[in-house]
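**Q** Sequence:
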Amino acid sequence: LLRRGGSESPEDLGRIVGVDLGDPGFWTGGLLIVEEQLEAAERAAVEAGRL
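When we follow this note's numbering, the leftmost residue of the sequence shown carries the number 1, and every step to the right adds one.
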């Protein structure tokens, strides 16, 4: 994958690892992960008295 990174499209690279970049579910799932991480960071900041 890393060796091909500069010579193939992102879509082709995604296929190598079984990811369809054209699938909205891929992007939705990724954004849900980011949302969960942000919420965890906010909770930690509140608990630490920083927010």
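Since the hints were made in silico from the structure, they are not lab data.
Just to be clear, a hint being listed does not mean it is correct.
Label-pair ranges, simulated between beta-carbon atoms [claimed, not checked]:
#1 49 x 18: 14 to 24 Å
#2 38 x 16: 23 to 33 Å
#3 33 x 2: 20 to 30 Å
#4 1 x 29: 40 to 50 Å
Source: prediction; values computed, not measured.
Just so it is clear, CB atoms sit at the ideal spot from N, CA and C, and this is done for glycine as well.
**Q** Are the hints correct? Go through all of them and say.
**A** Hint check results:
1. 49 x 18: 14 to 24 Å: violated (43 Å)
2. 38 x 16: 23 to 33 Å: Given range 23 to 33 Å: holds, Cβ gap about 29 Å.
3. 33 x 2: 20 to 30 Å: holds (22 Å)
4. 1 x 29: 40 to 50 Å: Hint violated: Cβ distance 20 Å, outside 40 to 50 Å.
Violated hints, in rising order: 1, 4; the structure is consistent with all others.
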